[in-house]
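J.: Just need the whole structure built from these sequences, with the hints factored in.
Quick mapping for you: the protein sequence lines, in order, are chains V and X.
Residues in the first sequence are numbered from 1 upward in steps of one, following my numbering.
Residues in the second sequence are numbered from 1001 upward in steps of one, following my numbering.
Note that these hints are calculated values from the structure, not bench results.
You may find that some hints are simply not true.
Derived lysine to any residue pairs resembling SDA-like cross-links, with alpha carbons at most 25 angstroms apart [as the list claims (entries may be wrong)]:
no.: 1; chain 1: X; residue 1: K1078; chain 2: V; residue 2: V456
no.: 2; chain 1: X; residue 1: K1078; chain 2: V; residue 2: A474
no.: 3; chain 1: V; residue 1: K157; chain 2: V; residue 2: D227
no.: 4; chain 1: X; residue 1: K1112; chain 2: V; residue 2: A435
no.: 5; chain 1: V; residue 1: K289; chain 2: X; residue 2: I1165
no.: 6; chain 1: X; residue 1: K1170; chain 2: V; residue 2: R422
no.: 7; chain 1: X; residue 1: K1112; chain 2: V; residue 2: P437
no.: 8; chain 1: X; residue 1: K1170; chain 2: V; residue 2: A366
no.: 9; chain 1: X; residue 1: K1078; chain 2: V; residue 2: L400
The primary structure of each chain is shown beneath.
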Amino acid sequence: MTFILNFLPELVLLVGALGLFVVALGESQQKFARTVALLVAFATIGAAAASLNQHADLFSGAYRVDQFSQLVKLVLAFGFACILLLSGDLPDIRAEVKPEYFLFLTLSVTGLVMLVSCVEIVSIVVALELSSFPLYLLVPMRRERAGHRSQMESAIKYIMFGVAANGIMFFGLSYLYGLTGTTHLFPLASRLAPVVHTPLAITGLGLAFCGLYYKLAIFPFHFWTPDVYQGASNETASLVASLPKVGAVAVLIRFVSLATPENPAVATMLIYLAVGSMFFGNLIALVQKDFKRMLGFSGIAHAGYALIGFVALDQAGFTAALYYITGYLFMILACFVVISRVSRDGANVAIEELAGLHRRSPLLAATLLVAVFALAGVPPFVGFMGKFSLLTAAYAQGHLALVVIAVVNSAIAVYYYLQVVRQAVFGESNPAAVAEPLILTWPTRGLCVVLIVGIVALGVAPGTVIDTIFHSLAFVHSGPATALLGR
Amino acid sequence: MTFPGSTEGLPLLSILIFAPLAVAAVAALIRSERGLRWWTLAGTTAIALFSLQLWTGFTAGTAAFQFVEHATWIPGLKINYTVGIDGISLLLVLLTTLISPLCVLCSWSYIKTRVHEFMLCLLVMETAMIGVFCALDSILFFVFWEAMLIPMALLIGVWGGPRKIYASLKFFIYTMAGSIFLLVALIALRLHTGTFCIPDLMGQQYDPAFQCWVFAAFFISFAIKVPMFPFHTWLPAAHVEAPTAGSVILASVLLKMGTYGFLRFCLPIVPYATHVFAPYVLWLSVIGILYGSFAALAQSDLKKLVAYSSVGHMGFATLGIFALNTSGIEGATLVMINHGVTTGALFIAVGIIYERLHSRELAAAAGLGRFMPVFTFFLGAFCLSSLAFPGTNSFIGEFLVLSGGFSVSLLLVACAVPGVVASAAYNLRMLQRIAFGGTHNPEHHDLKDLNFREIVTLAPLLVFVFWIGLHPQPFVNVMHASVQHLLAQVGAFPR
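T.: Written out as structure tokens, the structure reads:
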């Protein structure tokens, strides 16, 4: 019975995926498949909430259920439900594959949910692939428009980069196995500790992170990002942009905590990657015209911000990173709700097409306003509190230069976020503007309100969330910043 | 830290900070625009009357923070919700609550589109502004400080003039770029001392080099907000394009946040660096006075004229602050209040002209005086106040500032004097043209003089012009102890 409770979220998702498989076998029953997927999503939220305080080691210790994994599962399940709600009737997916779309969506989430519990290298690899391959299939499911097969192009890019990054990751993992003779992370950590300064260990760790950098879209593993965001349908892009990043941060925490704070090589590597991502993402986002593409580049920058938390290599830093990426989930989903509703017939949305949004739908405009200002890091939204906790954690470890670079980057980023606000709210007359009002369904309205409340609440009253994340990360050895926090 | 001034009973400051939000929440539910205007007016007026309790309950003889409330906010990051006021912030809070209902009144017929959003922005602004002046936790301060950007950018960007987008983006990016350094400085102080509590940050023995870096970070963000001379370029654009209420808030309250920041952060927290940098800041202030006044003299757009005069007046405020003596700082605080009253009134007056003529050109407004005698009376009083005519409020403030500056350097004050003369020149030029110039302007014949609402808008400010001008003692009394305490904190650090 406890086993079932420990494994409940995964079981719900697996059973749901099997059910969707059966549904997909019949005549295309798109509505029915969507209902089943939604039920699965809500059941997963319930299951994750029910198993929140479980602790167990399953499958000979390869699979760890602890507060950390259950917390992330809850976040993932919530994001899954949001994505299903914002997907609506999948206007831009080919009609004959719509039921399968829901099947692969559920499978990908299953992979991510399993990923955060894995503490053994082989199972991490399996879970990572389970979460990735359905995504590779979801991207090309978009309809063809006017002979352009851009969805195929982006799918090929996505899969090629993905497979390459995973290959590099496996290569690095083989080094770690060779050094320590185990595939379990916890014995691996203790056996790695004496040799962690050797070039071989650093190379192994560095290479092993690559697969996760790819998921997070860290520079220079980002090349797929803008093209996939643009080429995939709006709904698929909302998935690619949100949940895998949460999963990647969670696994990265498990991995990076293998390195000790006294080891400067890993921190230095992370600093360079963070700085590269921030500058690259923000500077290129400045000139984007397509909203999704802009979000792609801004996502690269935000992945860079999240890495700042890892640079600290301690509990406070990891807490900040996980808190930040959870907030990012809310912000990016709020943006994608707006994209998928403003979009005409599922097409991509140029930033100019947002013009006059406040007249067409005040609620969507408000959602966009909150999301964009939150992404820009303006208080009282979660984007500010997240950045603040990241900067504090990094500064506590003495990374002043990184902190200054990060704040300079947030100043650069303000410009392109304001371009969105300007179109959506400032009420310019624009030839591209469409006048007819957007009527939102009640689930969409509910979703908008939930996301706005989430972004504000996580920013104004993050005390409980930060504390919970902090305590769930007890498996990380504590560093000086943690001591500074007075614990 | 324990606060001796902590009082049991009604959490006055929290009520004051969050009351505008409560008014906004109800306002969002009101359907009719007329009802909405009346509700917002009633709400802000009630808040203004409520804030008088601070004035009556304030103990003037002590420098301790009063009405202190303390609660844990985010324990994981050691951020607390701590609010409290001293004599300096008391005056600024009262100024804010006074200005808010006037902003509703002066937008009564000016704002015709998206009235709901407009009122929400005004009310959110009020919460953030009161919050900035009350916050005693540096992150709480920062949150309010930044939260103000969004409604202000919307006020300019949505309801502004022809170049509103440019002005709004410039305002937002400029201010945001400045304040991120403030955040870094606050984090640095926190890691040094282990607290975000502003009173606890004061009186610590920081390393001189550390102090200088922190001062530099503070200075960038506060100087942009004031704005001081090389950082002022966002101000004319924002003022000119903003709707009347936006200009009034910007001039009366937002600019004070920069000078308030100097008083609350720079002087007491990094006194050594304050002494090191004070001469340079003083000269920048003098340049600001000269630049602002002479630039105002050359303007033909009324709003630009008043905007540049703000640069000059705020130069007096920073001059007084960095003179680092009693009359300098008390004068600077009075200049802050006076500028809020007088320049706010002048922007309302320009708004009144604009509503009638749909032009802000000085030439178009020439000769209004013949047809609008009541308006001219008000304008005359405020212009005299703006040029620091004896008997008006600005005279007291600028006199104290100059006498404070005098004891620092004669040359400094001597250089600032042409600015005073120019300020008389541009104010009198404006008054002369509007009241008596070009009487054969044909389209002026059917102009209506001030209506009752407009008189009600301007009258409270006129009262303060003469109240502070003729009997400034109550205002000086409430801040005297706080200013002395502040000077003791600055002086405690040897030069």
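J.: Hints first: check each against the structure and report whether it holds.
T.: Outcome of the hint check:
Distance restraint check for K1078 (chain X) and V456 (chain V): the Cα-Cα separation of roughly 20 angstroms lies within the 25 angstroms cut-off, and the hinted pair is therefore satisfied. Of the pairs offered as hints, the one joining K1078 (chain X) and A474 (chain V) holds, with about 19 angstroms between alpha carbons and a cut-off of 25 angstroms not exceeded. At most 25 angstroms may separate the alpha-carbon atoms for a hinted pair to count; K157 (chain V) and D227 (chain V) meet this at roughly 8 angstroms. About 20 angstroms separates the Cα atoms of K1112 (chain X) and A435 (chain V), which keeps this hinted pair within 25 angstroms; it holds.
Under the criterion of a C-alpha separation no larger than 25 angstroms, the hint pairing K289 (chain V) with I1165 (chain X) is consistent with the structure, at around 18 angstroms. About 12 angstroms separates the Cα atoms of K1170 (chain X) and R422 (chain V), which keeps this hinted pair within 25 angstroms; it holds. Between K1112 (chain X) and P437 (chain V) the alpha-carbon distance is near 21 angstroms, which keeps this suggested pair within the 25 angstroms criterion. Restraint check for K1170 (chain X) and A366 (chain V): the C-alpha separation of about 22 angstroms stays at or below 25 angstroms, so the hint holds.
For the hint pairing K1078 (chain X) with L400 (chain V), the CA-to-CA distance comes to about 20 angstroms; that is within 25 angstroms, so the pair holds.
The structure fails none of the hints (numbered hints given earlier).
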